[in-house]
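**Q** Add chain B to chain A, keeping to what the hints say.
Residue numbers (our numbering), protein chains in the order written: chain A, 1 to 113; chain B, 114 to 228.
I should point out that these hints are in silico values taken from the structure, not numbers from a laboratory.
Since we're looking at a predicted model, the values are computed, not measured.
Note that CB positions come from ideal geometry on N, CA and C, so glycine has one too.
What you were told as hints is all true, and nothing was included just to trick you.
The list that follows gives simulated cross-link-like pairs (lysine to aspartate or glutamate, EDC-like), each with its CA atoms no further than 20 Å apart:
#, chain 1, residue 1, chain 2, residue 2
1, B, K183, B, E143
2, B, K166, B, E135
3, B, K166, B, E185
4, B, K166, B, D139
5, B, K184, B, D209
6, A, K42, B, D221
7, B, K183, B, D164
8, A, K42, B, E135
9, A, K42, B, D114
10, B, K116, A, D49
11, A, K42, B, D139
12, A, K71, A, D49
13, B, K166, B, E182
14, B, K184, B, D141
15, A, K68, A, D49
16, B, K116, A, E39
17, A, K42, B, D151
Label-pair ranges, simulated between beta-carbon atoms:
#, chain 1, residue 1, chain 2, residue 2, range
18, B, E182, A, A78, 40 to 50 Å
19, A, R61, B, G176, 37 to 47 Å
20, A, S12, B, S193, 39 to 49 Å
21, B, P152, A, R61, 22 to 32 Å
22, A, K71, B, D151, 17 to 27 Å
23, A, K71, B, D209, 22 to 32 Å
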Amino acid sequence: GESVGLHLPTLSVQEGDNSIINCAYSNSASDYFIWYKQESGKGPQFIIDIRSNMDKRQGQRVTVLLNKTVKHLSLQIAATQPGDSAVYFCAEKAGTGRRALTFGSGTRLQVQP
Amino acid sequence: DVKVTQSSRYLVKRTGEKVFLECVQDMDHENMFWYRQDPGLGLRLIYFSYDVKMKEKGDIPEGYSVSREKKERFSLILESASTNQTSMYLCASSSDKRWGNQPQHFGDGTRLSIL
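One chain only, chain A, in its complex shape (with noise of 0.2 Å):
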């Protein structure tokens, strides 16, 4: 398949496990964030959102948390499967009427069975 990134962090888990992917943005202006997900020969996928009102939200097996103090994003997957194995990335828009995203270089996650 096809790689995203050469020299990606990489996060390796277990199946069963949970996992912690991160993220740090720089812009204090930022509004709203979200992560993508993007396996390989794929274009990235939506995974959840948040807005920055928000420092908590959650979706399937999925939680995204937001520090605006330390400008930190994460995201947790519940019970990681190997179908989880792919590149995540963050991405952030700068504040209101803004519509383009500034896109974080990614986390590979391997899921060991």
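**A** Below, chain B alone, put in the same frame as chain A:
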């Protein structure tokens, strides 16, 4: 479900050719985007459009142009292809509801090789 369709998964062209990459979305989204994705560099925004016939430059517009004649279709044009434009090209669309706080939805990409 949002569907963003890119016309080709793989494309091989020659240096100097004019290349058209097509993208169609079926959710009546106002915004459409073109990115390129390269190993070690992540996703970089080339151009985006927030309305028909409107366009804005992204971070790396040089060597590219775009066309948005209809709301559902956004085309990326390489005026004279060069080998450094070999890359994965990704199209995305998003709605303008909620003050723009809507996720972008991506197509599966076009792997373009310029020989």
